[in-house]
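> All chains, full assembly: derive it from the sequences and hints.
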Amino acid sequence: MGTDYGILRIAVEPAPRDDTVPNDYTSSDDAPTAADSPTTPIRTGVMFDLDTVQFMDADYWGAGDPKWRYGKLRRDLVETIQALHPTFMRFPGGCIVEGVTPGNEYRWKDTIGALPARRPQYSMWSFKMPDGSSYCQSYQIGFYEYFCLCEDLGAKPLPTLFAGIACQSPGRDPKHMDIDSEAFRHNVVQDYLDLIEFANGNPDTSPWAAVRRDMGHTEPFGLDMIGVGNENFGTDYVAKFTRISEAIHERYPHMLCVMSAGLFPFQPAMKRTWDYARTEASTGKGAQDSATGDAIIVDEHSYHSAQWFEAQAYRFDHYPRCGAGVYFGEYSANGYFAGQPQTEQGANTWRSALGEAAFLTGCERNSDVVEMTSYAPLLAHIPAKGWAQNLIEFNPAHVNPTLNYEAERMFSTHVGELTYRVDTEKTEEAQHLYVSATGGNKPGNYRYIKIVNTGATAVDVTLEIERGLAVLGSSSNRTGAVHLDIETLAAAPKAKTTIDYRGEAQGAIVPELRKVSLPATNSLMAMKIKPYSLTVVTARWQ
Numbered sequence: 000m001g002t003d004y005g006i007l008r009i010a011v012e013p014a015p016r017d018d019t020v021p022n023d024y025t026s027s028d029d030a031p032t033a034a035d036s037p038t039t040p041i042r043t044g045v046m047f048d049l050d051t052v053q054f055m056d057a058d059y060w061g062a063g064d065p066k067w068r069y070g071k072l073r074r075d076l077v078e079t080i081q082a083l084h085p086t087f088m089r090f091p092g093g094c095i096v097e098g099v100t101p102g103n104e105y106r107w108k109d110t111i112g113a114l115p116a117r118r119p120q121y122s123m124w125s126f127k128m129p130d131g132s133s134y135c136q137s138y139q140i141g142f143y144e145y146f147c148l149c150e151d152l153g154a155k156p157l158p159t160l161f162a163g164i165a166c167q168s169p170g171r172d173p174k175h176m177d178i179d180s181e182a183f184r185h186n187v188v189q190d191y192l193d194l195i196e197f198a199n200g201n202p203d204t205s206p207w208a209a210v211r212r213d214m215g216h217t218e219p220f221g222l223d224m225i226g227v228g229n230e231n232f233g234t235d236y237v238a239k240f241t242r243i244s245e246a247i248h249e250r251y252p253h254m255l256c257v258m259s260a261g262l263f264p265f266q267p268a269m270k271r272t273w274d275y276a277r278t279e280a281s282t283g284k285g286a287q288d289s290a291t292g293d294a295i296i297v298d299e300h301s302y303h304s305a306q307w308f309e310a311q312a313y314r315f316d317h318y319p320r321c322g323a324g325v326y327f328g329e330y331s332a333n334g335y336f337a338g339q340p341q342t343e344q345g346a347n348t349w350r351s352a353l354g355e356a357a358f359l360t361g362c363e364r365n366s367d368v369v370e371m372t373s374y375a376p377l378l379a380h381i382p383a384k385g386w387a388q389n390l391i392e393f394n395p396a397h398v399n400p401t402l403n404y405e406a407e408r409m410f411s412t413h414v415g416e417l418t419y420r421v422d423t424e425k426t427e428e429a430q431h432l433y434v435s436a437t438g439g440n441k442p443g444n445y446r447y448i449k450i451v452n453t454g455a456t457a458v459d460v461t462l463e464i465e466r467g468l469a470v471l472g473s474s475s476n477r478t479g480a481v482h483l484d485i486e487t488l489a490a491a492p493k494a495k496t497t498i499d500y501r502g503e504a505q506g507a508i509v510p511e512l513r514k515v516s517l518p519a520t521n522s523l524m525a526m527k528i529k530p531y532s533l534t535v536v537t538a539r540w541q
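Counting from 1, position 201 in the sequence shown corresponds to residue 200 in numbering that gives the first Met the number 0; the numbering is continuous, with no gaps.
Source of the hints: derived by calculation from the structure; they are not laboratory data. Accuracy of the hints is not assured; some may be wrong.
[As the list claims (entries may be wrong)] Pairs of lysine-lysine residues, derived as DSBU-like cross-links and limited to a Cα-Cα distance of at most 30 Å, are as follows: (1) Lys174 with Lys108; (2) Lys384 with Lys155; (3) Lys270 with Lys284; (4) Lys493 with Lys514; (5) Lys529 with Lys425; (6) Lys493 with Lys527; (7) Lys66 with Lys108; (8) Lys108 with Lys71; (9) Lys174 with Lys284; (10) Lys425 with Lys284; (11) Lys384 with Lys493; (12) Lys514 with Lys529; (13) Lys155 with Lys108; (14) Lys493 with Lys174; (15) Lys493 with Lys441; (16) Lys514 with Lys425; (17) Lys384 with Lys108; (18) Lys514 with Lys527; (19) Lys155 with Lys66; (20) Lys284 with Lys155; (21) Lys425 with Lys493; (22) Lys527 with Lys384; (23) Lys71 with Lys384.
Just so it is clear, the structure is predicted and the values come from calculations on it, not from any experiment.
This is how it looks when you write it as structure tokens:
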């Protein structure tokens, strides 16, 4: 800023491959210096072949750790994700998995190894900008980096692979590979088996595990679940899921396979997927002794309105508990399915965050069947973003945790080992309240109570906290005071944060924090729940 640097203009022309010599040049300062230049003097007419160009702060995530010597991530972005306390991460994303046409699917084997050896791919989302500039798959961040990131975050990896069917979103003409073809066996089924070896295998006996070791990670990554396709559906997909999952379980019986349920909730395609999954689970098929205890998990997605998500707070109350678990793998109250305009003004409003929060109370109350949820899209670069609504936005220097992020944080950082029953007496005034609770697994411990008010009026409530552990037959423990930490986020429905290409984010909500102590003889507390608010009450006692 304010410093006038000279400009070196280089004309880049094709050169015969046998004449090229790769060289690495690294600048560790903002200003170019002589130390940054090649040791060979630059002569007039010299031609450079530039490949694998990286622009990254020296203080990137994992700087100095040899396992991060290839692809690099901005520290502030990782720290923003880390603040959510994620327990798993699905990658590489959604429709990018299957691609728009044969050959455009995400090929994980092209994303590992030294950066210059990785094979870039055009992105199916490039149509979002007229010049195609918004999306390109450089693969400078690939499957190895995703596994390393999961390890650093303490999150389970959930890689999702191509299932032999191109993107089936509306308006597309998906291409299906022949399930009996050599291409399907070699390029699809074998890719799943090789990925599991890359993640978990012994480098001394497994060639793919040796690749992992040579990249800087000798120990296995501990992969225990894998996604089979993204938003795929139909008879052909069910057949391909069966073929892939059976091949996986023949070698790795504990590996949990995540099955796609298509894109639209309540549609016949989703019902057929659930019928298949529940039959598999009830007949003893699928994973054995998986990480979640499920035989199979079904991945539902939705991009509907805030009102739709609010109504779905009770969606899972009557799902069968049969060994087939739920993963709500992509969701956002962006109104897309409701036909709402996808504009910057309407994106990431506090009202959309409250609709999502109401939905999450239902997921939390039904966590015996809802194993995982994940927001989408997770990250978006300003201004080259394809979706208006995202969880985290960033420009070259700063990060914008959206209001949807703040609501997610309130949930993800307040999760107990057990879900507790919440008995509510809903009056007319309280019809827009949504409540869930989790807590510790000891009689004297803690509770997290989430209260979402999507209505326009404040609601007076009386909170009564049972200190016993009825599920384990424990008696109530009323010998000590209860200490309450209360955090509330409240704003106007259209409130939102913003960030431009330059400058910091604007419009953040400041949480209201207060502390209250209840004597041992009293477990009741009167509260006024603000309109358009999300409140988390943390109760602790000895």
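> Against each hint, give a clear statement of whether it holds in the structure.
Here's how the hints hold up against the structure:
With a C-alpha separation of about 22 Å, the suggested pair lysine 174 and lysine 108 falls inside the 30 Å cut-off, and the hint holds. A threshold of 30 Å between alpha carbons decides the hint, and for lysine 384 with lysine 155 the separation of about 27 Å falls inside it, so the pair holds. Simply put, lysine 270 and lysine 284 have alpha-carbon atoms about 19 Å apart, close enough for the 30 Å limit, and the pair holds. For the hint pairing lysine 493 with lysine 514, the CA-to-CA distance comes to about 29 Å; that is within 30 Å, so the pair holds.
At most 30 Å may separate the alpha-carbon atoms for a hinted pair to count; lysine 529 and lysine 425 meet this at roughly 16 Å. In summary, the hint linking lysine 493 to lysine 527 is supported, as the alpha carbons are separated by about 22 Å, within the 30 Å threshold. The suggested pairing of lysine 66 with lysine 108 holds, with an alpha-carbon distance near 18 Å, which does not exceed 30 Å. Between lysine 108 and lysine 71, the direct Cα distance comes to roughly 18 Å. Compliance with the 30 Å bound is thereby established for this hinted pair.
The hinted pair formed by lysine 174 and lysine 284 meets the criterion: a straight-line CA distance of about 29 Å does not exceed 30 Å. For the proposed pair lysine 425 and lysine 284, the alpha carbon gap of about 42 Å is over 30 Å, so the pair is violated. Note on lysine 384 and lysine 493: the hinted pairing holds, with a Cα-Cα distance of about 21 Å set against a maximum of 30 Å. Straight-line distance between C-alpha atoms of lysine 514 and lysine 529 comes to about 17 Å, which keeps the hinted pair within the 30 Å bound.
Between the alpha carbons of lysine 155 and lysine 108 the distance comes to roughly 20 Å, so the proposed pair stays at or under 30 Å and holds. For the hint pairing lysine 493 with lysine 174, the CA-to-CA distance comes to about 41 Å; that exceeds 30 Å, so the pair is violated. Under the criterion of a C-alpha separation no larger than 30 Å, the hint pairing lysine 493 with lysine 441 is inconsistent with the structure, at around 41 Å. With a C-alpha separation of about 26 Å, the suggested pairing of lysine 514 with lysine 425 holds against the 30 Å cut-off.
The straight-line distance between the Cα atoms of lysine 384 and lysine 108 is roughly 26 Å, inside the 30 Å bound, and the hint therefore holds. Among the hinted pairs, lysine 514 with lysine 527 is consistent with the structure: their alpha-carbon atoms are about 15 Å apart, no more than 30 Å. Proximity of lysine 155 to lysine 66 is assessed by CA-CA distance (about 18 Å); at most 30 Å being required, the pair is judged to hold. For the hint linking lysine 284 to lysine 155, the alpha-carbon distance of about 23 Å falls within 30 Å, and the restraint holds.
Distance restraint check for lysine 425 and lysine 493: the Cα-Cα separation of roughly 27 Å lies within the 30 Å cut-off, and the hinted pair is therefore satisfied. Proposed proximity of lysine 527 and lysine 384 is contradicted: the alpha carbons are some 39 Å apart, above 30 Å. Restraint check: the Cα-Cα separation between lysine 71 and lysine 384 comes to about 20 Å, which is no more than 30 Å; the hinted pair holds.
Checked against the numbered hints given earlier, the structure breaks hints 10, 14, 15 and 22 and satisfies all the rest.
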